[in-house]
Each structure stands twice: as C-alpha cells, then as structure tokens.
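> Below are the chains, spelled out letter by letter.
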Amino acid sequence: DTGVSQNPRHKITKRGQNVTFRCDPISEHNRLYWYRQTLGQGPEFLTYFQNEAQLEKSRLLSDRFSAERPKGSFSTLEIQRTEQGDSAMYLCASSPQVNNEKLFFGSGTQLSVL
Amino acid sequence: AQRVTQPEKLLSVFKGAPVELKCNYSYSGSPELFWYVQYSRQRLQLLLRHISRESIKGFTADLNKGETSFHLKKPFAQEEDSAMYYCALSGTTSGTYKYIFGTGTRLKVLA
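Going down the list, the protein sequences come from chains A and B. Heads up: the first sequence begins at 8 in our numbering, then just goes up one per residue. Heads up: the second sequence begins at 672 in our numbering, then just goes up one per residue.
None of these hints come from the bench; they were simulated from the model. Heads up, some of the hints might be wrong.
Stated by the list, open to error - Derived pair list, reagent style DMTMM-like, types lysine to aspartate or glutamate, alpha-carbon separation capped at 25 angstroms:
1) B/LYS769 <-> A/GLU85
2) B/LYS769 <-> A/GLU59
3) B/LYS680 <-> A/GLU35
4) B/LYS779 <-> A/GLU108
5) B/LYS728 <-> A/GLU108
6) B/LYS693 <-> A/GLU51
7) A/LYS21 <-> A/GLU63
8) B/LYS693 <-> A/GLU108
9) B/LYS769 <-> A/GLU63
10) B/LYS744 <-> A/GLU75
11) B/LYS736 <-> A/GLU108
12) B/LYS680 <-> A/GLU85
13) B/LYS769 <-> A/GLU75
With the hints as constraints, model all of the structure from the sequences given.
Here it is as structure tokens:
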C-alpha cells in the first residue's frame with residue numbers, strides 16, 4: 008500500500024502521559040498536514056509542513072502539542088501531559104507541492120485519554 | 672476569516688430521489704472548493720473540486736461566488752452514496768495552503 012500510513016491506529020493513555028503519533032506520507036509528496044477530528048465535527052486544521060519546514064500552526068494548538076518533520080519525509084505529532092479533551096481522531100494527509108492539490112488522507116490515530 | 676458551513680448534519684433521501692448537500696463559505700480571497708467523502712470504514716477521500724468542473728459518480732457542484740456557495744448535487748441518489756460528505760476550502764491568494772473543512776453532512780439513501 009503506497010498511501011498515507013499512520014501509526015498507531017489506536018492509543019489509550021492516562022491523563023498526564025505523553026503520546027507520539029507517526030505519519031508516513033506518500034513518498035513524493037512535499038506537503039504534510041495534521042488534523043484533529045472529534046465526533047460530529049469535521050477535520051480541524053492543526054499544522055502543515057512543506058518539506059521539513061512547518062509553515063503554519065493553528066492558534067488552537069496549545070503548547071503541549073508539537074509536530075516535526077525532520078527530514079521532510081515522515082512526521083511525528085507529540086502531545087505532552089495529555090488531557091481528556093485531547094481524545095480525538097488525529098488525521099494526517101499529504102499532497103504534492105502544487106497549489107490547492109487534493110489531499111490524501113491516512114486512516115488516522117484514535118486517541119483515548121482516560 | 673475562512674469558514675465553511677454545512678447546515679445539515681443529516682440528510683435522508685429515498686433511492687432515486689435528487690440530492691443536494693449544502694455548503695456555504697466565507698473567504699476574502701479567491702478560494703478553491705472541494706467535496707470530500709468518507710464511506711463507512713474507509714479513509715477520507717476527494718470526491719470532486721470546482722476547478723475540475725467534472726462529474727464524479729454522478730455528483731456535480733457549482734461554485735456560486737455571489738451566494739458564496741458550493742452545493743453538491745446528484746439527480747438520482749443510489750444506496751452506495753450513503754456516506755459522510757465534507758465541504759472544504761483552500762486559499763489561493765494569501766499563500767496559505769491549509770484546507771478548512773465543514774462539519775459534514777451524513778447522507779443516508781433509503782431503499
């Protein structure tokens with residue numbers, strides 16, 4: 008499967024713990040996006056990268072969230088000191104470096120904070 | 672501010688009936704509009720985008736800049752159209768290539 012891959016598929020953690028998710032985009036895609044989705048809502052933009060540069064970060068993203076894409080390939084999203092409100096589906100998407108090209112989504116990581 | 676509004680959370684229609692999923696947007700520049708679909712147990716995927724002016728699976732959408740709308744239409748619904756549909760917007764003039772999604776409409780096509 009050469010699509011966008013996300014790991015793990017599910018993560019259950021206790022409040023206060025740190026978690027890290029990984030996204031492997033389609034190999035030739037320069038742009039990588041992270042979204043969060045809760046029940047009954049659409050995907051909410053968190054941040055995006057062009058190659059290794061983080062070009063935009065949502066103001067809704069607290070300091071507990073950090074994302075990296077160190078070599079312009081895979082990306083990680085870390086949440087420190089998780090809270091119950093962080094429970095959501097975390098989606099990764101990638102696209103070629105063409106303006107307003109379609110996004111290719113991964114299957115997501117479902118986070119449950121107990 | 673960029674915003675996408677989908678007023679209906681759920682739309683139920685009978686097989687063979689026409690379908691219209693509403694989408695309104697707010698954007699100060701020249702937007703690109705998209706419709707994404709998520710079938711049960713599948714990942715989110717592009718259905719169509721306005722710049723392509725194409726019909727996919729019988730669906731069409733016309734960008735109406737005067738009404739700031741991008742409604743999705745299909746003349747005869749099929750049971751396999753049942754899914755979550757998300758309208759999305761991307762900017763072209765601000766240098767921002769993030770995509771803003773609406774809250775989605777669940778379409779149920781009844782036999």
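> Indicate, hint by hint, whether the structure satisfies it.
Structure-based check of all given hints:
About 20 angstroms separates the Cα atoms of B/LYS769 and A/GLU85, which keeps this hinted pair within 25 angstroms; it holds. Taken as a hint, the B/LYS769 and A/GLU59 pair is honoured in the structure, with Cα atoms around 16 angstroms apart against an allowance of 25 angstroms. For the suggested pair B/LYS680 and A/GLU35, the alpha carbons sit about 36 angstroms apart, so the restraint of at most 25 angstroms is broken. With a C-alpha separation of about 29 angstroms, the suggested pairing of B/LYS779 with A/GLU108 is violated against the 25 angstroms cut-off.
Restraint check: the Cα-Cα separation between B/LYS728 and A/GLU108 comes to about 20 angstroms, which is no more than 25 angstroms; the hinted pair holds. Only pairs whose Cα atoms come within 25 angstroms are accepted, and B/LYS693 paired with A/GLU51 is accepted, the gap being roughly 19 angstroms. The straight-line distance between the Cα atoms of A/LYS21 and A/GLU63 is roughly 29 angstroms, outside the 25 angstroms bound, and the hint therefore fails. Between B/LYS693 and A/GLU108 the CA atoms are separated by roughly 22 angstroms; this keeps the pair inside 25 angstroms, and the hint holds.
In summary, the hint linking B/LYS769 to A/GLU63 is supported, as the alpha carbons are separated by about 8 angstroms, within the 25 angstroms threshold. With a CA separation close to 39 angstroms, the supplied pair B/LYS744 and A/GLU75 exceeds the 25 angstroms bound. For the proposed pair B/LYS736 and A/GLU108, the alpha carbon gap of about 20 angstroms is at most 25 angstroms, so the pair holds. Proposed proximity of B/LYS680 and A/GLU85 is contradicted: the alpha carbons are some 31 angstroms apart, above 25 angstroms.
Distance check on the hinted pair: B/LYS769 and A/GLU75 sit about 17 angstroms apart at the alpha-carbon level, within 25 angstroms; holds.
Of the numbered hints stated above, those contradicted by the structure are hints 3, 4, 7, 10 and 12, listed in ascending order.
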